[in-house]
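Colleague: For the record, the sequence lines run as chains A and B.
Position one of the first sequence corresponds to residue 0 (numbering that gives the first Met the number 0), numbered consecutively onward.
Position one of the second sequence corresponds to residue 0 (numbering that gives the first Met the number 0), numbered consecutively onward.
The hints are simulated quantities; they were obtained by calculation from the structure and are not laboratory data.
The beta-carbon is built from N, C-alpha and C at its ideal position, and this holds for glycine as well.
A few of these clues could be false.
[Said to hold, decoys possible] Cβ-to-Cβ under 8 Å is the rule here; a few derived chain A residues that face chain B:
#1 ASP20
#2 GLU21
#3 LEU22
#4 LYS27
#5 GLY81
[Stated by the list, open to error] Using 25 Å as the maximum straight-line C-alpha spacing, the simulated BS3-like pairs for lysine-lysine come out as follows:
#6 A/LYS94 x B/LYS76
#7 B/LYS94 x B/LYS27
#8 B/LYS27 x B/LYS14
#9 A/LYS27 x A/LYS82
#10 B/LYS14 x A/LYS94
#11 B/LYS82 x A/LYS27
#12 A/LYS70 x A/LYS27
#13 A/LYS76 x B/LYS27
#14 A/LYS76 x A/LYS94
#15 B/LYS94 x A/LYS14
#16 A/LYS94 x B/LYS27
#17 A/LYS14 x A/LYS27
#18 B/LYS70 x A/LYS27
#19 A/LYS82 x A/LYS94
#20 A/LYS27 x B/LYS76
#21 A/LYS70 x B/LYS27
#22 A/LYS70 x A/LYS94
#23 A/LYS94 x A/LYS27
#24 B/LYS94 x A/LYS27
#25 B/LYS78 x B/LYS94
#26 B/LYS94 x B/LYS82
#27 B/LYS70 x B/LYS94
Protein chains: 2
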Amino acid sequence: MDSNTISRIQTIITKNSELFDELAQLYKIFADSSRVKILCALTQSEMCVGEISEFLSITQSAVSHQLRILKSSNLVKSKRQGKNIVYSLTDDHVKTIIDCGMEHIAE
Amino acid sequence: MDSNTISRIQTIITKNSELFDELAQLYKIFADSSRVKILCALTQSEMCVGEISEFLSITQSAVSHQLRILKSSNLVKSKRQGKNIVYSLTDDHVKTIIDCGMEHIAE
DNA sequence: TGTATATATGAACAGTTGTTCAGATGTAAT
DNA sequence: ATTACATCTGAACAACTGTTCATATATACA
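With these hints in hand, go ahead and build the complete structure from the sequences.
Modeller: Shown next, in the form of structure tokens:
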């Protein structure tokens with residue numbers, strides 16, 4: 000590596016430091032199988048907490064906790080519908096990210 | 000949600016359970032800013048442990064620990080070059096995954 | 001108003017993770 | 001052989017994470 004390359008890389012790493020933190024933070028959300036399953040279920044249809052809980056065979060409480068994380072990260076949104084609170088994906092970035100990871104696994 | 004939809008989603012979640020575990024496992028590797036920075040540095044050029052350590056201002060020991068994780072996940076490979084051990088990405092899936100996440104952040 | 005249903009919340013706990021430190025290993029050069 | 005250099009390793013520790021349990025909140029319905 001010549002000194003030009005070194006200083007170029009050094010700049011990239013240093014200048015984008017917070018960006019890498021954000022990126023790690025984003026991937027942290029996908030780094031749990033319950034959350035991945037929830038997100039994947041939501042790519043199929045919007046649904047309420049109880050349904051998610053049944054689909055994944057996970058405690059309603061656990062689902063609720065995870066949904067709070069997903070919501071505060073703006074990956075899902077919620078609306079009340081009668082007795083239920085229905086969750087859905089905020090956009091299709093989620094699907095893109097999941098697909099991207101799946102592609103790596105399927106090798 | 001009609002009963003057809005329910006059983007379809009149920010099948011998807013149940014059948015791919017291990018796949019979701021793998022996916023979460025993969026994202027777990029990207030879920031740390033040190034590792035993301037290491038991987039990003041390696042997208043620019045192969046380099047040895049000491050260089051990575053300087054670029055990121057992280058202990059050489061910490062880098063070595065992280066590299067072991069990255070290597071055992073087959074995201075990086077290593078070769079000896081004189082006194083140094085030079086690390087590089089095994090393929091360009093890594094870059095794809097990083098770019099995919101970056102795209103989500105940049106909104 | 002009272003009761004059932006759906007969801008959210010907080011404390012507690014066990015399990016995991018990333019870093020540091022001290023020292024081991026291995027290679028190169030004299 | 002001895003020394004210097006580069007990297008690896010394992011133990012220890014603090015910080016963080018996901019689940020569970022018990023309970024609170026909030027809406028619907030009788």
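Colleague: None of the hints should be skipped; say for each whether it holds.
Modeller: To see whether the hints hold, each was checked on the structure:
At a threshold of 8 Å, the smallest CB-CB gap from A/ASP20 to chain B is about 5 Å, leaving the interface hint in force. Annotation: A/GLU21 was flagged as interfacial toward chain B, and the flag holds, the nearest CB pair being 5 Å apart, inside 8 Å. Hint status for A/LEU22 relative to chain B: holds, with the closest Cβ pair at about 5 Å, below 8 Å. Proximity of A/LYS27 to chain B holds as hinted, the smallest CB-CB distance being about 4 Å (cut-off 8 Å).
Hint status for A/GLY81: violated, given a least beta-carbon distance of 14 Å to chain B, over 8 Å. Straight-line distance between C-alpha atoms of A/LYS94 and B/LYS76 comes to about 29 Å, which puts the hinted pair past the 25 Å bound. For the suggested pair B/LYS94 and B/LYS27, the alpha carbons sit about 16 Å apart, so the restraint of at most 25 Å is met. Among the hinted pairs, B/LYS27 with B/LYS14 is consistent with the structure: their alpha-carbon atoms are about 22 Å apart, no more than 25 Å.
The hinted pair formed by A/LYS27 and A/LYS82 fails the criterion: a straight-line CA distance of about 32 Å is larger than 25 Å. Simply put, B/LYS14 and A/LYS94 have alpha-carbon atoms about 18 Å apart, close enough for the 25 Å limit, and the pair holds. Taking the CA atoms of B/LYS82 and A/LYS27, the gap is near 36 Å; set against the 25 Å cutoff, the hint is violated. Annotation: proposed proximity of A/LYS70 to A/LYS27 holds, straight-line Cα distance about 14 Å (limit 25 Å).
Annotation: proposed proximity of A/LYS76 to B/LYS27 holds, straight-line Cα distance about 24 Å (limit 25 Å). About 15 Å separates the Cα atoms of A/LYS76 and A/LYS94, which keeps this hinted pair within 25 Å; it holds. With a CA separation close to 18 Å, the supplied pair B/LYS94 and A/LYS14 stays within the 25 Å bound. At roughly 18 Å between alpha-carbon atoms, A/LYS94 and B/LYS27 fall within 25 Å of each other, so this suggested pair holds.
Between A/LYS14 and A/LYS27, the direct Cα distance comes to roughly 22 Å. Compliance with the 25 Å bound is thereby established for this hinted pair. Distance hint between B/LYS70 and A/LYS27 is fulfilled; the C-alpha atoms sit about 20 Å from each other, no more than 25 Å. Between the alpha carbons of A/LYS82 and A/LYS94 the distance comes to roughly 28 Å, so the proposed pair goes past 25 Å and is violated. Restraint check: the Cα-Cα separation between A/LYS27 and B/LYS76 comes to about 24 Å, which is no more than 25 Å; the hinted pair holds.
Taking the CA atoms of A/LYS70 and B/LYS27, the gap is about 20 Å. The hint holds against a cut of 25 Å. For the proposed pair A/LYS70 and A/LYS94, the alpha carbon gap of about 16 Å is at most 25 Å, so the pair holds. For a cut-off of 25 Å, the pair hint linking A/LYS94 to A/LYS27 stands: about 16 Å separates their Cα positions. For the suggested pair B/LYS94 and A/LYS27, the alpha carbons sit about 18 Å apart, so the restraint of at most 25 Å is met.
As the CA atoms of B/LYS78 and B/LYS94 are separated by approximately 21 Å, the hinted pair is consistent with the 25 Å bound. Between the alpha carbons of B/LYS94 and B/LYS82 the distance comes to roughly 28 Å, so the proposed pair goes past 25 Å and is violated. A threshold of 25 Å between alpha carbons decides the hint, and for B/LYS70 with B/LYS94 the separation of about 16 Å falls inside it, so the pair holds.
This entry does not satisfy hints 5, 6, 9, 11, 19, 26, going by the numbered hints stated previously.
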